[in-house]
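Novice: Chains as they are written, first to last, in my numbering: chain A, 1 to 452; chain B, 453 to 593.
A hint or two may mislead.
List time: in silico DSSO-like cross-link candidates among lysine-lysine, alpha-carbon distance up to 27 angstroms [unchecked claim]:
| # | chain 1 | residue 1 | chain 2 | residue 2 |
| --- | --- | --- | --- | --- |
| 1 | B | Lys-506 | A | Lys-84 |
| 2 | A | Lys-389 | A | Lys-424 |
| 3 | B | Lys-506 | B | Lys-548 |
| 4 | A | Lys-84 | B | Lys-538 |
| 5 | B | Lys-482 | B | Lys-548 |
| 6 | B | Lys-538 | B | Lys-548 |
Per label pair, the in silico range of CB-to-CB distance [said to hold, decoys possible]:
| # | chain 1 | residue 1 | chain 2 | residue 2 | range |
| --- | --- | --- | --- | --- | --- |
| 7 | A | Ala-326 | B | Pro-564 | 35 to 41 angstroms |
| 8 | A | Glu-363 | B | Leu-499 | 35 to 41 angstroms |
| 9 | A | Ala-81 | B | Ser-503 | 45 to 51 angstroms |
| 10 | A | Asp-359 | B | Glu-527 | 43 to 49 angstroms |
| 11 | B | Gly-481 | A | Arg-435 | 26 to 32 angstroms |
| 12 | A | Ala-81 | B | Thr-473 | 32 to 38 angstroms |
Rather than coming from a laboratory, the hints here were simulated on the basis of the structure.
Each residue gets a CB set at the ideal place from its N, CA and C atoms; glycine is no exception.
Read off the chains here:
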Amino acid sequence: MRNSCAIGWKSVELNQHSPTVVLIRTFFDKTGVASQETHQAIEAVFRIERARLIGGLARTVRNVDLAEELAQDALLIALSAWQKTGVPNNPGAWLRAVAKRRAIDRIRRDKMRERKHAEIARDLGGECASAAEDIEVAMDDDLGDELLGLIFTACHPIISRDARAALTLRLVGGLTIDEIARAFLCSETTIAQRIVRAKKTLGNAGLAFEVPRGAERAGRLTSVLEIIYLVFNEGYAATAGECLVRPSLCAEAQRLGRILAGLMPEDSEVFGLLALMEIQASRLSARTGSDGSFVPLPEQNRARWDQFLIRRGFAALARAEALGGADGPYALQAALAACHAQARKAEETDWLRISELYDRLREVVPSSVVDLNRAVAHSMAFGPEAGLKLIDEIAEGTSLRSYAPLPAAKGDFLFRAGRLQEAKAQFETAARLTRNEGEQSFLLARAAACAM
Amino acid sequence: MRAIVFVKATEDSERGDSLPTTEMLEAMGKYNEELVNAGIMVGGDGLKPSSFGKRVAFDGASRTVIDGPFAETRELVAGFWLWDVKDMDEAIAWAKRCPNPMPGPSELEIRPIFELEDFGENVTPEIAELEEQLRDRLEER
C-alpha cells in the first residue's frame, strides 16, 4: 500500500495514461508489491466522488435519473479498471471523462433511434453532433458547485418531504435503497417508488439543477435545512422501532450539515443548524441506558456527553451569531441546547437564560410545542406557579389536547406546588395518552407517588 | 472515526531553510479547501523543525530537558490534521489525494483517536469533570 502511495505522489505531473506510470504500476503488479487496490479502497474513493459526479452529470443532461445511471456505469468501469491499475491520481476527473463518453454515446444512440422512428434523414445529424458538443463543453466546465446544486435539487420543494429526504440520502449521502428503507422503517419498494416518482417530478419540471440565486435562494435553503434536520431527527428521536436512536442517520445528517457549512460559509442558519445537530448528537450515547431504555436529560451521565461535538457545536453557534443570525430558528434552538451542554450537573442549568431563549423562539417559530417547553423553562426559573399560568394559556388552544407531554408537565408543576391530588389526575391522563410503554410506566409511577 | 493525520518530517523539513514554494502552498490550500468542503477537516497546522523543540525525559524522579534538533528524522512530525471520517478506508482515500507535502519522498501517518465508546461506562463523572475543567482552562486562553 505504501508503495502505491509513493507512486501516486511522485507521478503528480505525469499524464494519467502515460506509459511511465503504467510501466511502474505493471512492475509493482508483477513483483506483487501492493499496487493492487482492494475493493474497499475503491469504494472509499467512490463515496468521495459519487455525489459530485452525479451533480455535474445532472446539470449537463438535465435528468437526475440518467445522471445517476451514467455515474453508476462510470463507477462500474472504474471498479474493473482500478483493480488492475490502482486508483488514478485524479479519480474525479477520470470518472467525469468516462461518464462524459457514456453520455455522448447515449445521446447519439437516442438520436439514431429517434431518427429511425421518425424517418427523418440527415438534417438531424447536425443536431446530434451539437448535443454531443454541448455535453463536451458542459462536463469540462467545472464550476465546483455541482454538489451544492445537487443538494438543492434533491431538496426541491416541488417533491414531498419524505421523498426529498430519501432522494438526498440516495444521491448526496450515497446510501442504498435498502439502507434508506431500514432508516425510515419502510419497505424497499416504498422507498424505491418514492425515489422514482421524485425523479420523474424533477425531470418533468425542467429544472436547471443549479444553486438558486437571489430571492429564490432563501426559500430553497429553508427546504434544504429542513430536510437535513428531518434526517437527523429520524435518527435522534426514533419515532418508532426497536432502537431508540439510529446514530448512523444522525452522523449522515451531521456530515451533510458540515458539507453545507463548507460550501455556504456566509449563511448563518446553515451554521445554526450545524450547531444544533452537533450539540444534540453529543448526547447520543448518554440518551440510551445499558438496557436500551430512554434516559431523560436530567438523569443522563454527563460524563458521556461528547465534548468534541459540543466544542464543534459551540464553534458553529459562534459563527452563526457572528454572521448576524443569533435569532434564526436553528441558532436559537442551538443556543438552548448549548445551555444544557454547559451545565455540569442538572441543577446548574441556567433556566433564566433558557426561559429568555424560549421567549425569543416563540416569536420566530410560533408553535404550541415551543410554548409548552417555554412553560417548563419558566417553571424551573420562576417556580411552578409561573409554569401553571403559562400552561393553562396553552391548554385553552386545542391543538395539544391529546398530547401526553402537556398533562405530564402540568402534573409536574402541580406536584412541585404541593397540589398532589390534581397532580395525580394529570399524570394519569398523560399515561393514558402516551403510546410509549416506557413513558407510560414512568408516568404511572409518578401518579402513584402523589398518593403517598 | 476521528483521526490525526501526521505529516512525517524529512531532512528538508528538519533543515527548515527551504520554505514551501508558492506552487506547493497553492496545491495544499486547494486540498485543504476540499477537505473542508467535504466536511471532514476539523483542524490542522504545520510544525517548526525540531531544532525549535525541547524534550523532557523521565526516569524515576528525575526530569531532564533535551534540546532539539532530534536525530531520528523519519520518526519526527512536521505537521498534522485532525479529521472526522467514516472509516479508515475513507481516511486513506483522502490521504492519497494530498499533494506530496515535501520536495522529496515523504509519508503521512493516519492514527485513529480513541472515541468515547472505547471507554464506555469507565468514564466516571469525576474523570470527565477533571477533563472538562482542563478544557475550559484551555479555552479561556
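Novice: Could you run down the list of hints and mark each one as holding or not?
Specialist: Checked hints:
1. B:Lys-506 with A:Lys-84: 47 angstroms, violated
2. A:Lys-389 with A:Lys-424: Roughly 19 angstroms separates the two Cα atoms, so the pair holds.
3. B:Lys-506 with B:Lys-548: 31 angstroms, violated
4. A:Lys-84 with B:Lys-538: This hinted pair holds, its Cα atoms lying about 25 angstroms apart.
5. B:Lys-482 with B:Lys-548: 15 angstroms, holds
6. B:Lys-538 with B:Lys-548: The given pair, whose Cα atoms are some 16 angstroms apart, holds under the 27 angstroms limit.
7. A:Ala-326 with B:Pro-564: 35 to 41 angstroms: Once the Cβ atoms are compared, 36 angstroms apart, the range 35 to 41 angstroms for Pro-564 (chain B) and Ala-326 (chain A) holds.
8. A:Glu-363 with B:Leu-499: 35 to 41 angstroms: With Cβ atoms ~49 angstroms apart, the hint is violated.
9. A:Ala-81 with B:Ser-503: 45 to 51 angstroms: Hint holds: Cβ distance 46 angstroms, inside 45 to 51 angstroms.
10. A:Asp-359 with B:Glu-527: 43 to 49 angstroms: 57 angstroms, violated
11. B:Gly-481 with A:Arg-435: 26 to 32 angstroms: 54 angstroms, violated
12. A:Ala-81 with B:Thr-473: 32 to 38 angstroms: Hint holds: Cβ distance 33 angstroms, inside 32 to 38 angstroms.
Hints 1, 3, 8, 10 and 11, counting from the list given before, are not met by this structure.
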